[in-house]
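Trainee: Protein chains in written order, with numbering that gives the first Met the number 0: chain P, 0 to 254; chain L, 0 to 254; chain Y, 0 to 254.
It is worth saying that the hints were derived from the structure and are not from the lab. Quantities reported herein were computed from a predicted structural model and do not represent experimental measurements. Some hints here could point you the wrong way.
No copy is singled out in the list; a pair is fine if it fits within one copy or between any two copies.
To be verified - No farther apart than 16 Å at their CA atoms in a straight line, the calculated lysine to aspartate or glutamate pairs in the EDC-like style are these:
id: 1; residue 1: Lys174; residue 2: Asp186
id: 2; residue 1: Lys227; residue 2: Glu150
id: 3; residue 1: Lys16; residue 2: Glu44
id: 4; residue 1: Lys123; residue 2: Asp106
id: 5; residue 1: Lys123; residue 2: Glu87
id: 6; residue 1: Lys49; residue 2: Asp106
id: 7; residue 1: Lys16; residue 2: Asp211
id: 8; residue 1: Lys237; residue 2: Asp226
id: 9; residue 1: Lys74; residue 2: Glu28
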Amino acid sequence: MQTSYIHPNAKIGNNVKIGDFCKITENVEIADNVIIGDYSIIGLEMPHLKERKLYIGENSVIRSHSVLYEGSFFKERLETGHHVLIRENTNSGINLRIGSFCDIEGDCVIGDFVRCHSYVHIGKGSKIGHFVWIYSLVTLTNDPLPPSHIELPITIEDGVVICANSTILPGAVLKTGAFISANSLIDGVVEEGNVTFNNKSLKKAHVTSLIDINTGIRHPWMRHFADKYPAVAQERIKILLDKIIESKKQLNKTK
Amino acid sequence: MQTSYIHPNAKIGNNVKIGDFCKITENVEIADNVIIGDYSIIGLEMPHLKERKLYIGENSVIRSHSVLYEGSFFKERLETGHHVLIRENTNSGINLRIGSFCDIEGDCVIGDFVRCHSYVHIGKGSKIGHFVWIYSLVTLTNDPLPPSHIELPITIEDGVVICANSTILPGAVLKTGAFISANSLIDGVVEEGNVTFNNKSLKKAHVTSLIDINTGIRHPWMRHFADKYPAVAQERIKILLDKIIESKKQLNKTK
Amino acid sequence: MQTSYIHPNAKIGNNVKIGDFCKITENVEIADNVIIGDYSIIGLEMPHLKERKLYIGENSVIRSHSVLYEGSFFKERLETGHHVLIRENTNSGINLRIGSFCDIEGDCVIGDFVRCHSYVHIGKGSKIGHFVWIYSLVTLTNDPLPPSHIELPITIEDGVVICANSTILPGAVLKTGAFISANSLIDGVVEEGNVTFNNKSLKKAHVTSLIDINTGIRHPWMRHFADKYPAVAQERIKILLDKIIESKKQLNKTK
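For reference, chain P alone in the conformation it holds in the complex (with noise of 0.2 Å):
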């Protein structure tokens, strides 16, 4: 029983695998050895925009029950889990993982091997740089004066990990390889490499401080993670870690 619908103009790579119950509409181009999910809408149709194309990039994993509107473009090996929302205008780098209930606004830039847990909130017009690591629950707000007419999205650079339950406001910039502890609040620029607490009356810390006693692994995390990324990624991750761990010149200074 062919329960899908595929629209005829769509384009559909080779071995793409399309679940039940699925909706793929006109202007979508799917790349080679994709999985999409039951239940999901592949390129909600959004007629305003100028450009409505949706791209979804080779070895690409939708899970099911998700919507994806028209007008974004993903790179290779997009990875979501199940009831993803994601709206129009977002481009992503290679290798983006999403969670399930994640909901990205639009409008947003995110760079490679991006990953997200469950049900993080990424707000319209976002910038997100490259192996970012965004817990559950997290949220990246754009309004400074909730409502206003007035966007001012989040700037979030390379290497940056926020904890979960974080919320970021508007016109936040986490600098490279900033670590944002659990259930923080978080204003205005955190330096490269530092770490915020939710207890905001401990000192400024820079993230090589962090360390698991049990194991004696210290970040930052490159030092310790960089297996669970592709041989082709190594050498920036080796160039972030630098970067990170050289900023601690920086904060000694300014303490």
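Use these hints to put chains L and Y onto chain P, whose structure you have.
Mentor: Leaving out everything else, chains L and Y in the frame of chain P:
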């Protein structure tokens, strides 16, 4: 291919567009010019209800993967995101807008022109006025000693703004024009036009003191955001603005 | 019109009601009197698992748009909200109830009569006892130095209550009858019957000190809420209540 079920007794207005793979049940009435997104259940059956009718007012838009229970009434221009859940006995005024992944738990009364962003959880029995704004991940609870048989719903008056990731505790009353900043935990009564902060040690402040330094715009939001509402709402917004500004005098007396 | 797929090798009990647009896969066993909501995937295929069987006990209710992976075992009376996700290797006792939009990430062991409200995120490998209550937006994490290869799951013992929007950090142990108030960030061990507050500066308190002033009811909740459980659970609830009350003596000694 016709893939949606529409019960023959359901009342469907003129120019209603029903998506694919939907279910419209027997006790549903949909007014003119409504759009129902794919994979939605309109009128999830609740046989124990006395009043099982579900009414969706004209010019409404329900986005995909949504579930609306029987026994609710929505005036014109209801607009939902994707994956929303609205349970029974919910009554809303004109132009309720709720974002994706919202969960309205039933027995709620909601005024006109209320807006909720994503993942808003509105506990059972909540009372919400007109022109209210609720941002992502806000939770309105209702049990003061969880778990218990006590239900102590929340009251939110006209023009209130609740920023992202705030938790409102059972029985709280947010009076006209109150502004709850991001990540707050709110208990008890918040007076008219008051601002609450996550950090409770800050002094009392009035919403008129909230200003965006870059643009110079100042709260209450009705000063700079009324243009987002239709002509019919303007007089009501003006009266509401005057009332909130007036409340500043009261705050000054109690300081 | 038959719109659901049921694999011919799936074992379906008597009086099972399967909604529309569902998928029931090969390794699934559904016991008698179960209801499966529309648009659900029962047995999302995980070919790499050694034990792929998914068992759903009798008198269970799975609501619409839900996804249950292969390789889990749920005793009788599992009840889920809409849009839930439960991954592989989850074993739950009698009458697990989880609210809409919950995400159980796999490898979890869950006791009898556990209740979760909406948007609860249960990290991989969590161990949850009997008669536990977890409210909306609670996150159980499992990586102590994110991102890393270390998995340090959370242990929640019998009768624990975790209020809305709390984040439980990796390796935390919440002992019998502990009560975590709303918006908390919890690390380490919470002793038997202890109450934790968002504001850490408050002194230690025991759950027996939690009282609703209006009604005079007092925690532990087993005093006033045991009537919500069936006769078969009453003796176990009584023993649990006695144990939690007894823990007050221990707290007094350590003050």
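Trainee: Decide, hint by hint, whether the structure agrees.
Mentor: Status of the hints after comparison with the structure:
1. Lys174 <-> Asp186: within (13 Å within a copy, 27 Å between copies)
2. Lys227 <-> Glu150: between (36 Å within a copy, 15 Å between copies)
3. Lys16 <-> Glu44: between (22 Å within a copy, 14 Å between copies)
4. Lys123 <-> Asp106: Intra 6 Å, inter 32 Å, cutoff 16 Å: intra-copy only.
5. Lys123 <-> Glu87: Within one copy only: 10 Å inside, 32 Å across.
6. Lys49 <-> Asp106: within (13 Å within a copy, 43 Å between copies)
7. Lys16 <-> Asp211: Neither way: Lys16 and Asp211 sit 42 Å apart in one copy and 50 Å across, limit 16 Å.
8. Lys237 <-> Asp226: within (12 Å within a copy, 51 Å between copies)
9. Lys74 <-> Glu28: within (12 Å within a copy, 39 Å between copies)
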